[in-house]
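2 protein chains.
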Amino acid sequence: MTKIPYKTYLTEDEVPKQWYNMRADMKEQHDPFLNPETLEPLSTEDLYPIFCEELSKQEMDHTTRYVDIPEEVQEFYKMFRPSPLIRAYNLEKALGTPAKIYYKFEGNNTSGSHKLNSAAAMAYYAKNQGLTSVTTETGAGQWGTALSIACAHFGLDLTVFMVKTSYEQKPFRKSIIETYGAKIIPSPSITTEVGRAILEKNPKTGGSLGCAISEAVEQAIKQEQSRYVLGSVLNQVLLHQSVIGLECKTALEKLGEYPDIIVGCAGGGSNLGGLIAPFMQDKITGKKNPRVIAVEPASCPSLTRGKYAYDFCDTGRITPLAKMYTLGSDFMPSPNHAGGLRYHGMSPILSKLYNDGYIEAISAEQTTVFDAAVKFAKLEQILPAPESSHAIYGAVKEALRCKETGEQKTILFGLTGTGYFDMAAYNQYNNKTMNDYIPTDEDLQRGFDSLPKVD
Amino acid sequence: MTKIPYKTYLTEDEVPKQWYNMRADMKEQHDPFLNPETLEPLSTEDLYPIFCEELSKQEMDHTTRYVDIPEEVQEFYKMFRPSPLIRAYNLEKALGTPAKIYYKFEGNNTSGSHKLNSAAAMAYYAKNQGLTSVTTETGAGQWGTALSIACAHFGLDLTVFMVKTSYEQKPFRKSIIETYGAKIIPSPSITTEVGRAILEKNPKTGGSLGCAISEAVEQAIKQEQSRYVLGSVLNQVLLHQSVIGLECKTALEKLGEYPDIIVGCAGGGSNLGGLIAPFMQDKITGKKNPRVIAVEPASCPSLTRGKYAYDFCDTGRITPLAKMYTLGSDFMPSPNHAGGLRYHGMSPILSKLYNDGYIEAISAEQTTVFDAAVKFAKLEQILPAPESSHAIYGAVKEALRCKETGEQKTILFGLTGTGYFDMAAYNQYNNKTMNDYIPTDEDLQRGFDSLPKVD
Numbered sequence: 001m002t003k004i005p006y007k008t009y010l011t012e013d014e015v016p017k018q019w020y021n022m023r024a025d026m027k028e029q030h031d032p033f034l035n036p037e038t039l040e041p042l043s044t045e046d047l048y049p050i051f052c053e054e055l056s057k058q059e060m061d062h063t064t065r066y067v068d069i070p071e072e073v074q075e076f077y078k079m080f081r082p083s084p085l086i087r088a089y090n091l092e093k094a095l096g097t098p099a100k101i102y103y104k105f106e107g108n109n110t111s112g113s114h115k116l117n118s119a120a121a122m123a124y125y126a127k128n129q130g131l132t133s134v135t136t137e138t139g140a141g142q143w144g145t146a147l148s149i150a151c152a153h154f155g156l157d158l159t160v161f162m163v164k165t166s167y168e169q170k171p172f173r174k175s176i177i178e179t180y181g182a183k184i185i186p187s188p189s190i191t192t193e194v195g196r197a198i199l200e201k202n203p204k205t206g207g208s209l210g211c212a213i214s215e216a217v218e219q220a221i222k223q224e225q226s227r228y229v230l231g232s233v234l235n236q237v238l239l240h241q242s243v244i245g246l247e248c249k250t251a252l253e254k255l256g257e258y259p260d261i262i263v264g265c266a267g268g269g270s271n272l273g274g275l276i277a278p279f280m281q282d283k284i285t286g287k288k289n290p291r292v293i294a295v296e297p298a299s300c301p302s303l304t305r306g307k308y309a310y311d312f313c314d315t316g317r318i319t320p321l322a323k324m325y326t327l328g329s330d331f332m333p334s335p336n337h338a339g340g341l342r343y344h345g346m347s348p349i350l351s352k353l354y355n356d357g358y359i360e361a362i363s364a365e366q367t368t369v370f371d372a373a374v375k376f377a378k379l380e381q382i383l384p385a386p387e388s389s390h391a392i393y394g395a396v397k398e399a400l401r402c403k404e405t406g407e408q409k410t411i412l413f414g415l416t417g418t419g420y421f422d423m424a425a426y427n428q429y430n431n432k433t434m435n436d437y438i439p440t441d442e443d444l445q446r447g448f449d450s451l452p453k454v455d
Numbered sequence: 001m002t003k004i005p006y007k008t009y010l011t012e013d014e015v016p017k018q019w020y021n022m023r024a025d026m027k028e029q030h031d032p033f034l035n036p037e038t039l040e041p042l043s044t045e046d047l048y049p050i051f052c053e054e055l056s057k058q059e060m061d062h063t064t065r066y067v068d069i070p071e072e073v074q075e076f077y078k079m080f081r082p083s084p085l086i087r088a089y090n091l092e093k094a095l096g097t098p099a100k101i102y103y104k105f106e107g108n109n110t111s112g113s114h115k116l117n118s119a120a121a122m123a124y125y126a127k128n129q130g131l132t133s134v135t136t137e138t139g140a141g142q143w144g145t146a147l148s149i150a151c152a153h154f155g156l157d158l159t160v161f162m163v164k165t166s167y168e169q170k171p172f173r174k175s176i177i178e179t180y181g182a183k184i185i186p187s188p189s190i191t192t193e194v195g196r197a198i199l200e201k202n203p204k205t206g207g208s209l210g211c212a213i214s215e216a217v218e219q220a221i222k223q224e225q226s227r228y229v230l231g232s233v234l235n236q237v238l239l240h241q242s243v244i245g246l247e248c249k250t251a252l253e254k255l256g257e258y259p260d261i262i263v264g265c266a267g268g269g270s271n272l273g274g275l276i277a278p279f280m281q282d283k284i285t286g287k288k289n290p291r292v293i294a295v296e297p298a299s300c301p302s303l304t305r306g307k308y309a310y311d312f313c314d315t316g317r318i319t320p321l322a323k324m325y326t327l328g329s330d331f332m333p334s335p336n337h338a339g340g341l342r343y344h345g346m347s348p349i350l351s352k353l354y355n356d357g358y359i360e361a362i363s364a365e366q367t368t369v370f371d372a373a374v375k376f377a378k379l380e381q382i383l384p385a386p387e388s389s390h391a392i393y394g395a396v397k398e399a400l401r402c403k404e405t406g407e408q409k410t411i412l413f414g415l416t417g418t419g420y421f422d423m424a425a426y427n428q429y430n431n432k433t434m435n436d437y438i439p440t441d442e443d444l445q446r447g448f449d450s451l452p453k454v455d
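Protein chains in written order, with full-length UniProt numbering: chain A, 1 to 455; chain B, 1 to 455.
Next up, chain A with everything else stripped away, as it sits in the complex (with noise of 0.2 Å):
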């Protein structure tokens, strides 16, 4: 009945050999990281002890356009990869509208997301230098999970701090990523010195994944054979999650198909990054024009309400200083379930490409959102996760303001992943308990407080 089959599935072949390093094309690149102390630039080695040398290499290599995917991750990526390209044809329906919607599902995996992308790739940097054991924080827990199949396959310990809000909404992310061998400990939490000061401070705190960062970056310098790893915001992150954006593109060129609008949830930028990566490129070489928009919790609204300014990648203020756009490392996000968005900065490419008008941003409501999660799945089948629920959300809109226009405008839009361990979020909604939180321009106004000076 249909011409375009509802999912493309690339073969195993087709699926990128090469990752996409964006910031080779970008005209201009986001200023330096900064040593907090000195605010000196900061050199490769600087990285040296929290990341392993390889991610720390390509943290900062602004120059190699394509990095070959090492073959134990290629291998690890055929058990969950190709991810399908799936036109949305019962949404486009429902709607009404004349534009043709596609969505690149990267949660048909344990993980439940494209987190297991580039855990893939730092567990197997980490095993590769000799390392014994990695930390990491994770908020929705769909990071964490990632770390811990992949863990798993390269034989390294993990110790995950998960934001304690998510991890009390989610009791079987404990058990899943338990499962997987890994040990999980809730943040805020006495383990670390960056963590009993931040309890100290504020005792009854539901953490955040700044508090988290922090936790798991300390507790990684503290032991020798231990690296720090972080599923989003990184430019390494950025640069393995191109992954997506490749395989989406060369789907969409099968189907003689080029997206005319892109729209991605931002937490901190991991997957809105690696989807729109080779499409950014066309448009920064000026080849192509796709809209980019990005799509924030009105809860956490860092591109929208942020300030484009150096900050600390973490509450305990002992990560180097990005400029990004961020609410500050102080501002405390109120529980909103897409934990995975609750974060106060945001990539520092994704930072400049908006910065630079590259990228539009919109935020949207807990409630609303939950509104575009539960039409879709009633549509499409799949429950999606409250934070890619922020993008069904963004893609719904821009499918209605083509009902309005009558352009048949082709939207793509990254599902990033499953509901499936979110169901108290979706039970809150059932029940109409969800509620919205807005931080007023004075809780803003706190968070700002806590900028560094830089200049």
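No wet-lab data here; the hints were simulated from the structure. Keep in mind the model is a prediction, meaning the values are calculated, not measured. Among these hints, one or two may not hold up.
Each pair may be met inside one copy or between any two copies, as identical chains are not told apart.
To be verified - In the DSBU-like style, the derived pairs of lysine-lysine whose C-alpha atoms are separated by at most 30 Å in a straight line are:
(1) Lys-397 x Lys-409
(2) Lys-183 x Lys-432
(3) Lys-201 x Lys-93
(4) Lys-409 x Lys-78
Add chain B to chain A, keeping to what the hints say.
Chain B in isolation, oriented as in the chain A frame:
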């Protein structure tokens, strides 16, 4: 690095457009369903008060070899089919077996299992007949979720009676089923006569699939525009589920493979019957001779320790009688986590094939099955459902036998679903608080004593 890909997907056009009815090739049919009062064979029309007409016809039809899949169901299938056939390279390597292990993975849809194949068909036929609602039971919750998704799509009201043990073990199944707009009631409940009777006799019962079936049937019969649907055991279910085996066979043919051994978990028989269908055609007609192995829980061993006899399909003794391997409709299985396999009986088709020597059967204890599940998860990244893990256990056993004998056999097993809603079970396993329950001969005798006197 590998010639045969990890994952083989058919194209959308290659997904079967017809189901295959094994009965058309069986040399002997199973004994007819009987009216429990008159002990007379049932006619198709006798089923109309319980099942919708088209499904009643499918239930009785043993001559039509191929049944067209309605276009609406084909379209629905496109949202989640084809499912991948996966080569378990990492499992093979870890076992050090010369055997080639393939698995058909049916877990990549929101029901988390193969159940959506039959749910789509049943919801479609019910809607097409002009019904407004259906009722059903669910054990593990996969069938209830599948049917809620299908009913949301085709526009039917749904009431799900969920086995109380599972309902309590898996609180989030309720949330997901409600998200798709269905009503869910723990069984036995006070909403039906049969539920009240069961509770009066045994107030502390955790319920069983047999109880929940009684309640769902009673509720369906009471309402004019409602019918009952069932996710396993029935001939119609095996017909719909044949899509698994048909896809599988085509994919294997593309790879130049044919299975020497086929392994599936067995509760009511929905997955096993679907997986083996086209291979059993080869076996019955003498074209090929694969070994077929059913794996059931030691706690509910209908094939390995049951009787081949006429029995009720439910605990409340309101359904027709079916000739099948059964533990007796009064047999109350222990609270094993493989809720989908806690059924006293077995598909009449599979029972007949087992009795006639076409199928072998083994049973496995719960902790042994979880040993296999966790090993598999760490190697293949997919967290399997407890039910599916029975098949993993069986496949690993055969692969290790090949290691002993040095034979390079091709083993195919059905990975029916994911364990994302079974984390309480994994948690028990991780904490080493999981128990095995094996019924004593006296336990079984109590079940057998409840068998109706037919001859």
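For each hint, the structure was consulted:
1. Lys-397 x Lys-409: within (13 Å within a copy, 54 Å between copies)
2. Lys-183 x Lys-432: between (35 Å within a copy, 16 Å between copies)
3. Lys-201 x Lys-93: neither (52 Å within a copy, 51 Å between copies)
4. Lys-409 x Lys-78: between (33 Å within a copy, 23 Å between copies)
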